[in-house]
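Number of protein chains: 2
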Amino acid sequence: MDKLWKMNLRDIDPYVPGEQSKDKNIVKLNANENPYPPSPKAIEAINSFNCDGLRLYPDANASAFKQAMAEYYNVQPQNVFLGNGSDDVLALCFQAFFNSDKSIVFPDITYSFYPVWCRLFNIPFKNYPLNDDFRINVDDYAEENGGVVIPNPNAPTSLGEGKDFIEKLMKYNQDCIVIIDEAYVDFGCYSGVELTKKYENLIITGTFSKSRSLAGLRIGYAIGNKELIAVLEAVKNSYNSYTVDSVSMAAGTASIKDKKYFEETVSKVITTRESVIKELRALGFTALDSQTNFIFATHDSMNMRDYFEWLKTQKVFIRYFNLPRIDNHVRITVGTDEEMDIFLKKTKEYLNK
Amino acid sequence: MDKLWKMNLRDIDPYVPGEQSKDKNIVKLNANENPYPPSPKAIEAINSFNCDGLRLYPDANASAFKQAMAEYYNVQPQNVFLGNGSDDVLALCFQAFFNSDKSIVFPDITYSFYPVWCRLFNIPFKNYPLNDDFRINVDDYAEENGGVVIPNPNAPTSLGEGKDFIEKLMKYNQDCIVIIDEAYVDFGCYSGVELTKKYENLIITGTFSKSRSLAGLRIGYAIGNKELIAVLEAVKNSYNSYTVDSVSMAAGTASIKDKKYFEETVSKVITTRESVIKELRALGFTALDSQTNFIFATHDSMNMRDYFEWLKTQKVFIRYFNLPRIDNHVRITVGTDEEMDIFLKKTKEYLNK
Numbered sequence: 002m003d004k005l006w007k008m009n010l011r012d013i014d015p016y017v018p019g020e021q022s023k024d025k026n027i028v029k030l031n032a033n034e035n036p037y038p039p040s041p042k043a044i045e046a047i048n049s050f051n052c053d054g055l056r057l058y059p060d061a062n063a064s065a066f067k068q069a070m071a072e073y074y075n076v077q078p079q080n081v082f083l084g085n086g087s088d089d090v091l092a093l094c095f096q097a098f099f100n101s102d103k104s105i106v107f108p109d110i111t112y113s114f115y116p117v118w119c120r121l122f123n124i125p126f127k128n129y130p131l132n133d134d135f136r137i138n139v140d141d142y143a144e145e146n147g148g149v150v151i152p153n154p155n156a157p158t159s160l161g162e163g164k165d166f167i168e169k170l171m172k173y174n175q176d177c178i179v180i181i182d183e184a185y186v187d188f189g190c191y192s193g194v195e196l197t198k199k200y201e202n203l204i205i206t207g208t209f210s211k212s213r214s215l216a217g218l219r220i221g222y223a224i225g226n227k228e229l230i231a232v233l234e235a236v237k238n239s240y241n242s243y244t245v246d247s248v249s250m251a252a253g254t255a256s257i258k259d260k261k262y263f264e265e266t267v268s269k270v271i272t273t274r275e276s277v278i279k280e281l282r283a284l285g286f287t288a289l290d291s292q293t294n295f296i297f298a299t300h301d302s303m304n305m306r307d308y309f310e311w312l313k314t315q316k317v318f319i320r321y322f323n324l325p326r327i328d329n330h331v332r333i334t335v336g337t338d339e340e341m342d343i344f345l346k347k348t349k350e351y352l353n354k
Numbered sequence: 002m003d004k005l006w007k008m009n010l011r012d013i014d015p016y017v018p019g020e021q022s023k024d025k026n027i028v029k030l031n032a033n034e035n036p037y038p039p040s041p042k043a044i045e046a047i048n049s050f051n052c053d054g055l056r057l058y059p060d061a062n063a064s065a066f067k068q069a070m071a072e073y074y075n076v077q078p079q080n081v082f083l084g085n086g087s088d089d090v091l092a093l094c095f096q097a098f099f100n101s102d103k104s105i106v107f108p109d110i111t112y113s114f115y116p117v118w119c120r121l122f123n124i125p126f127k128n129y130p131l132n133d134d135f136r137i138n139v140d141d142y143a144e145e146n147g148g149v150v151i152p153n154p155n156a157p158t159s160l161g162e163g164k165d166f167i168e169k170l171m172k173y174n175q176d177c178i179v180i181i182d183e184a185y186v187d188f189g190c191y192s193g194v195e196l197t198k199k200y201e202n203l204i205i206t207g208t209f210s211k212s213r214s215l216a217g218l219r220i221g222y223a224i225g226n227k228e229l230i231a232v233l234e235a236v237k238n239s240y241n242s243y244t245v246d247s248v249s250m251a252a253g254t255a256s257i258k259d260k261k262y263f264e265e266t267v268s269k270v271i272t273t274r275e276s277v278i279k280e281l282r283a284l285g286f287t288a289l290d291s292q293t294n295f296i297f298a299t300h301d302s303m304n305m306r307d308y309f310e311w312l313k314t315q316k317v318f319i320r321y322f323n324l325p326r327i328d329n330h331v332r333i334t335v336g337t338d339e340e341m342d343i344f345l346k347k348t349k350e351y352l353n354k
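Chains A and B, in that order, are what the protein sequence lines are. Taking my numbering, I'd label the letters of the first sequence as residues 2 to 354. Taking my numbering, I'd label the letters of the second sequence as residues 2 to 354.
For reference, chain A alone in the conformation it holds in the complex (with noise of 0.2 Å):
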């Protein structure tokens, strides 16, 4: 018989990572990172940080970066919750506004980590299947609920909605906490921060990991009305009270307020996308029109999983997702312009074979 101890481990399906490969030599556009380092006032904030100070429990409060945050946002530091990654802050929101025994909601082809919490936090759960052109159909979403979660844009679809959707959605939605995860919003698409101010059931998260290349740090946050936040920091005060260490403290607040260089490499990312959609759409592909740091594409007469499959062996990594209505699609991260040089040239390449 096995070991009687076993009985009390939690029986939970291992989510394995993505192993990030150690060769320096690819072009890694398979996890969504910015080409492009962190503002220089966070690099200089962590290189000259003074370290005899981490003797010492970071602030748990994190005042200085919520004022920081809420200059940025326009709201009040009461507003802004900070955590380790918007994972973290996400898992949290989950913890703290999903307890209802009716089901929460969401798009079918969408985060894949939102099941996966639902599991662990046992919170039951529905979805809603995109429409056939991957947009979220907003109707669905007038149904009786225990709480809703979309992230806009959404991924890997990259395809965002504006203010009457998230308008409507709320208009829907008065009696449960409803969350957009605006993890990939600085590429282009509307921002529903400015909403929490209308919607008191509103909490908008994201991510210094993406458009503020700090995905190493992990610093992820949410804004809503206050009582939400305090909720959700009464929550993470009963799991660990400090989640932010001193150093990321240090280089948020300081990324944060470099509005000049995050505009500037946003700006770069953007640009490159569309010159590369331009590109992928003359060579016959099907590239939706994306509001994030990333391109969903397929190919009417491709094998995509072929394609990404060949693409590793020629050292360029794109994201392929062996999933049902999205399995011959690929995602592909925007890089520098000369990685999707090399990108579209090997791409040109296998269509050539």
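In short, the hints are calculated from the structure, not lab data. Check each hint, because a few of them may be wrong.
Pairs count within a copy or across copies, as identical chains cannot be separated in the list.
In the BS3-like style, the derived pairs of lysine-lysine whose C-alpha atoms are separated by at most 27 Å in a straight line are [as the list claims (entries may be wrong)]:
{"hint": "1", "residue 1": "Lys42", "residue 2": "Lys25"}
{"hint": "2", "residue 1": "Lys169", "residue 2": "Lys7"}
{"hint": "3", "residue 1": "Lys258", "residue 2": "Lys127"}
{"hint": "4", "residue 1": "Lys347", "residue 2": "Lys23"}
{"hint": "5", "residue 1": "Lys227", "residue 2": "Lys23"}
{"hint": "6", "residue 1": "Lys25", "residue 2": "Lys260"}
{"hint": "7", "residue 1": "Lys127", "residue 2": "Lys25"}
{"hint": "8", "residue 1": "Lys127", "residue 2": "Lys4"}
{"hint": "9", "residue 1": "Lys164", "residue 2": "Lys7"}
{"hint": "10", "residue 1": "Lys103", "residue 2": "Lys7"}
{"hint": "11", "residue 1": "Lys4", "residue 2": "Lys199"}
{"hint": "12", "residue 1": "Lys4", "residue 2": "Lys164"}
{"hint": "13", "residue 1": "Lys199", "residue 2": "Lys103"}
{"hint": "14", "residue 1": "Lys172", "residue 2": "Lys4"}
{"hint": "15", "residue 1": "Lys198", "residue 2": "Lys227"}
{"hint": "16", "residue 1": "Lys198", "residue 2": "Lys4"}
{"hint": "17", "residue 1": "Lys279", "residue 2": "Lys349"}
{"hint": "18", "residue 1": "Lys169", "residue 2": "Lys4"}
For this one, chain A is given, so just place chain B on it according to the hints.
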């Protein structure tokens, strides 16, 4: 009527972390922080960190850091788990290992987060009172239970237990997971890490916040058999794949490799502690034998709460717990010799009032 969406909020008592004073002139002996800076090697790792790489996600498996930990603790990398401070590691352990219908058990006087996590994760729990001398009675733990968590040394009592205690505890508890929380172990207590090779249901947790002066960075760990670590990784990866950031990993790796500095600073804290305990006893205090970086003390003819409050007016911060059985005790963190001289001078002043 209250808004319906409020029904979905998590109903939780806000656990409010202690506020850090902004005043640089206080003698801060209230948070068990180390008075010495982190290893110069750890500081160098941060201040010379190649921050361009922060645009990429951290290594979710923390391979290099785990390798260094394995070498230090004489185990394999697969026996090591890393997290965002030991609170994160312990919270994940509670979710991973305490899934029985039976109550988990821990002492009545112990780390205050244990009951908080039990409530957060709906884990039933039961306390066994410490003996009158504040020792844990290991025979209490012979009863059937859903899991055991014990800090060794215990906090805030500062008392540590030896190998025989742990072996007896493991003999009593063969059908559940036993967590030994070794946050303070480096200050002179027996570590059960070697026993994880003998008892496959034993898990040891620890932190870089105390003996390694890295509270500001958030690094915690667990050591145990491969199967337990794999379950812990599965739960972690279902919550947030990237809890330890790239800068923290680099600093943690440098710290664990710098054995000499570690031993020197730990030894300084121990020397100061022993001398302060001697002086306090000479002043009529009852101070327990400490195997930690703090002193747990009372005085027959003193109201310890008044003493604590008065010290605060003198800019000397120690810790007072308004809790049953220990409400006439204080916890004093061991600072530098200079800080402890001020503390003792003020204490004599108070006694002579």
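Hints, verified against the model:
1. Taking the shortest alpha-carbon separations for lysine 42 and lysine 25, both the intra-copy value of 25 Å and the inter-copy value of 26 Å come in at or below 27 Å.
2. When the C-alpha separation of lysine 169 and lysine 7 is checked against a cutoff of 27 Å, the pair qualifies only between copies, where the shortest distance is 20 Å, while the shortest distance within a copy is 49 Å.
3. In this assembly of identical chains, lysine 258 and lysine 127 lie within 27 Å of each other by CA distance neither inside one copy nor across copies; the values are 40 Å within and 49 Å between.
4. Only within a single protomer do lysine 347 and lysine 23 lie at most 27 Å apart by alpha-carbon distance; the minimum there is 21 Å, versus 57 Å between protomers.
5. With identical chains, the CA atoms of lysine 227 and lysine 23 are at most 27 Å apart between copies only, with a shortest distance of 25 Å across copies and 43 Å within one.
6. For the homomeric pair lysine 25 and lysine 260, neither the shortest alpha-carbon distance inside one copy (30 Å) nor that between copies (32 Å) is at most 27 Å.
7. In the homo-oligomer, the alpha carbons of lysine 127 and lysine 25 never lie at most 27 Å apart, since the shortest distance is 41 Å inside one protomer and 53 Å across protomers.
8. For a Cα distance limit of 27 Å, the shortest separation of lysine 127 from lysine 4 across copies, 24 Å, qualifies, whereas the shortest one inside one copy, 37 Å, does not.
9. Within a single copy, lysine 164 and lysine 7 get their C-alpha atoms only as close as 50 Å, which misses the 27 Å cut-off; across copies the closest is 24 Å, which meets it.
10. Taking the shortest Cα distances, lysine 103 and lysine 7 sit within 27 Å of each other only across copies (14 Å), while inside one copy they are farther apart (32 Å).
11. Taking the closest pair of Cα atoms, lysine 4 and lysine 199 come within 27 Å of each other only across two copies (15 Å); inside a single copy the shortest separation is 56 Å, beyond that limit.
12. For the homomeric pair lysine 4 and lysine 164, the shortest alpha-carbon distance between copies (24 Å) is at most 27 Å, but the shortest distance inside one copy (56 Å) is not.
13. In this homomeric assembly, lysine 199 and lysine 103 come within 27 Å of each other (Cα to Cα) only inside a single copy, at 25 Å, whereas the closest approach across copies is 46 Å.
14. In the homo-oligomer, the alpha carbons of lysine 172 and lysine 4 lie at most 27 Å apart only across protomers (14 Å), although the nearest pairing inside one protomer, at 53 Å, exceeds that limit.
15. For the homomeric pair lysine 198 and lysine 227, the shortest alpha-carbon distance inside one copy (10 Å) is at most 27 Å, but the shortest distance between copies (49 Å) is not.
16. In this assembly of identical chains, lysine 198 and lysine 4 lie within 27 Å of each other by CA distance solely across copies; the values are 16 Å between and 55 Å within a copy.
17. Proximity of lysine 279 and lysine 349 under a CA criterion of 27 Å is satisfied intra-copy only: 14 Å inside one chain copy versus 79 Å between copies.
18. Proximity of lysine 169 and lysine 4 under a CA criterion of 27 Å is satisfied inter-copy only: 19 Å between copies versus 54 Å inside one chain copy.
In the structure shown, a violation is registered for the earlier hints numbered 3, 6, 7, in ascending order.
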